[in-house]
Amino acid sequence: MTRVARLPLPARIRRRAERQYLIARAFNRRRALKSMVDRTSQIRPGDILAFVTLRNERVRLPYFLDYYRGLGVDHFLFVNNDSTDGSGNYLAEQPDVSLWWTNAGYKKSRFGMDWMNRLLARYGHGHWCLTVDPDEFLVYPHCDTRPLPALTSWLEASGRRSFPAMLLDMYPKGAIEDQPYAEGQDPFEIARWFDPVNYSISRNSFYGNLWIQGGPRTRNFFRADPLSGPALNKIPLVKWNWRYAYVSSTHMALPRHLNMVYDENGGEMASGTLLHAKFLSTFAEKSAEELDRRQHYANSKEYRAYHAGLTRGTDLWCSESREYVDWQQLEDIGLISRGNWA
Amino acid sequence: MTGAMTGGVALGVVLLCHADLDIAARMARIWVEGGARVAVHVDAKVPAADFARMQAALSDLPEVLFSRRRPCDWGRFSLVAATQDAAQLLLDRFPDTTHVYLASGACLPLRPVRDLRAFLALDPDLDHIESVTAHDVGWTVGGLNEERFTLFYPLDWRRHRKWFDRLVDLQRRLGVRRKVPKGIIPHLGSQWWCLTAATLRAILDDPKRKVFDRYFRLSWIPDESYFQTLARRHALRIESRSLTLAKFDHEGRPYQLYDDHARMLEESHCFVARKVWPGSTGLLDHFPRPAVGSPDATAPRPERFERVINRTVRRRLLGRPGLYMQSRFPRKDAENGKTSAPYAVFHGFSDVFPGFEDWLSGMIDADVHGHLMGPEMAEFAGRPEIGPGAISSSTLIRDRDPQGFLTSLIRVTQRMQVFQFSPRDNQALNWFVATDPNAHVNVITGAWMLPLLDSDMPFDDIRRVTAILQRAELKHLEVLNSVWVKARVQVHELTDFLARPQPLMMQALQALPMRGPVPTGLPAMRDMAGMAELLRRLRNSGLQPRMSGDGLPVHDIPTTERTAAE
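Chains as they are written, first to last, in the numbering used here: chain A, 1 to 342; chain B, 343 to 908.
Treat the hints loosely; a few may be bogus.
With the Cβ distance kept under 7 Å, some of the chain B side facing chain A (calculated, not the full set) [said to hold, decoys possible]:
{"#": "1", "residue": "Gly621"}
{"#": "2", "residue": "Leu659"}
{"#": "3", "residue": "Arg673"}
Rather than coming from a laboratory, the hints here were simulated on the basis of the structure. C-beta atoms are modelled at their ideal positions from N, C-alpha and C, and glycine is treated no differently.
One chain only, chain A, in its complex shape (with noise of 0.2 Å):
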């Protein structure tokens, strides 16, 4: 919550100002951002668009990329924050792909949403817009025969304006670093393994959203203070409106009904995952340097678990880890639903 939205005012009204607060705020740091490629002329109304940023995962990119072509993903928008490893160059010669450089702080840009707002203001009114980390995949019901243009034009039809997919956290048996990860592999191949329960759920009134903790980093990392633990909420699929703003990360979105994405009367409307494939052998390394950059939520709190508990050798997995199948496992399980999208 920003301290805009602690004003000694009505709900609603705080709401309101907090949301063109963040507007603002996002128009206020347009020149944090330079832009690089800007292939923005190719995108056509109807196009679904995908807001990146990232800083050094060159080597997650080639399989990135193609797996949200394969979906149906039309142009990407990506920032690049100040990355050493070659990430912009590749990124700078795909032909879908638009690029902005900052070496702006991640931090002091709201963990990079300034930027997201900024673009997505800019671009991606009036498109579906997929808001996601290098290392997040999108699984929604039917997605192996049905691509995203097809979710899209049922939501649309079903009067909806943003999408649900919650962070499922994937892990690999045994160390982290055992498996190396080679460009261009299926994460997945690797960080196959998931917790089938194991989430706590709360409802924020404030915003409206759901709150969901819980999984392989909490139960590891967390054990001591449950609610420090990561949010794995997310609503990363929106029709974008110039009028709209992320809050915190894609966790939740103002104006609130973007975020009314369940049922209260018992009911299950349609939400998909995001996989997330942030547990690879690659992470070691990233949090080493993320803890030294302390860019990160709550002074990287996160990493410094994260480093305290891979240093010790910890294997996320157990043995009621489940391995990954498809979207219908998911279903069956209940993290996933298709909803009325038969």
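Mind docking chain B on chain A? Use the hints.
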């Protein structure tokens, strides 16, 4: 044109098109190649360039006619007017037409068109139109059944939703009741029909058509009622079922068809299905199935497909019981099943019988846990650090969402879940369990006191602990005695239970899946020596023990006082 005369049926098709004209053009071609004549109506709101492209694409087919373009709005009379125009045009230009099929540009013929003609030829005078009296219909969405015909609907629902609702409210309050014109009884049904040319002509040439049109112009969604009502006036015989497979969701929006539906659609054996998502190239390539051998006049069998759709609707509306997730988070008491399977709670048994958990797990075919809500850890069976479904045994994680903890555990496991409970445990789930029909709750009140006998705590601490636990248990019993209880609850006072442990134990085990024959023995009971002494000391210290009952078998000091409050 000889093909069109197969079996004496000359089929005409009215094709209503609103968007995706490329696909619509493809459909028109499929109909024509199957031997039908097609009158196309294209919504006037479609850009002229798209329309020109469609006309060009179909220019080689003399059997395709284009009727006057009208702007069409969903739920308004313009759709009926467009159908009337196109049907009139079709009948005028091809007077030998015997049947007219109403389809849209997103309707996909699944079987060869000649199958449809053969099917119609079986009973050429039959009109295939779903037509149910508005009075009896149960499927309309939004609560407007009869009111579709008794109120005025001058506004477009999609564009003026708020005013539309206000106007309906106002008319209800004023008691507006439109008069239905003489000679018709309002009927409703799927807007996709197949009428004989005779019936259709009678409808179009009806001397009272002006009156009827004027009436339906201001009724709600006339495309689902105009022909359905007038067919009842003119048809000889009606088969009240649409030949088009079209399902709607709970909000009245049509389901879309995708590539993965191909097999199901083929099995449904329907002639036409809608609504095809324009990107489903697999479906468009696969259907209609090529005509092989002689025409197949069998009737459609959409039941399986309808079952699948109904299952989805049920999932959307009711969901899976006991599931709490990112897109299903029911409000309290709106859960449609708080948990997914029966489970049992044993309150106080592990205090009376220290080895109860092991004894019980040998006895019944279920997962017998310790104190799942215990203060030190969630005591899963076998005390693993990570329980079923990777649920952590940490109390902090559990207490972040106790209800989610229990419901996930029950949902993720295959066998029945049984756990111990006592006033020492987290009491957050008391209401939830008590109001859950899946719960079997067996209580021995006051049993929590027994472990205190063995403790070497100073008496002051024992007294304090007793007061806390007693208060907790009283509160729990208040819940279990309330009128809202849905669980199967059996409460016994400790003394009652000790008086006849065997039958009461059997009673508690009744609802559980037993492994073998009903056991006759009981597990070893805790030594109760000193109980009476402890109770006496507690009483004398100003605390009234209320839950253990008065008639303990080891009772040796008469109690007369009724004064001290707890």
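Hints versus structure:
1. Gly621: Result: holds, 6 Å to nearest chain A Cβ.
2. Leu659: holds (5 Å)
3. Arg673: holds (5 Å)
Comparing the model with each earlier hint shows no violations; every hint is respected.
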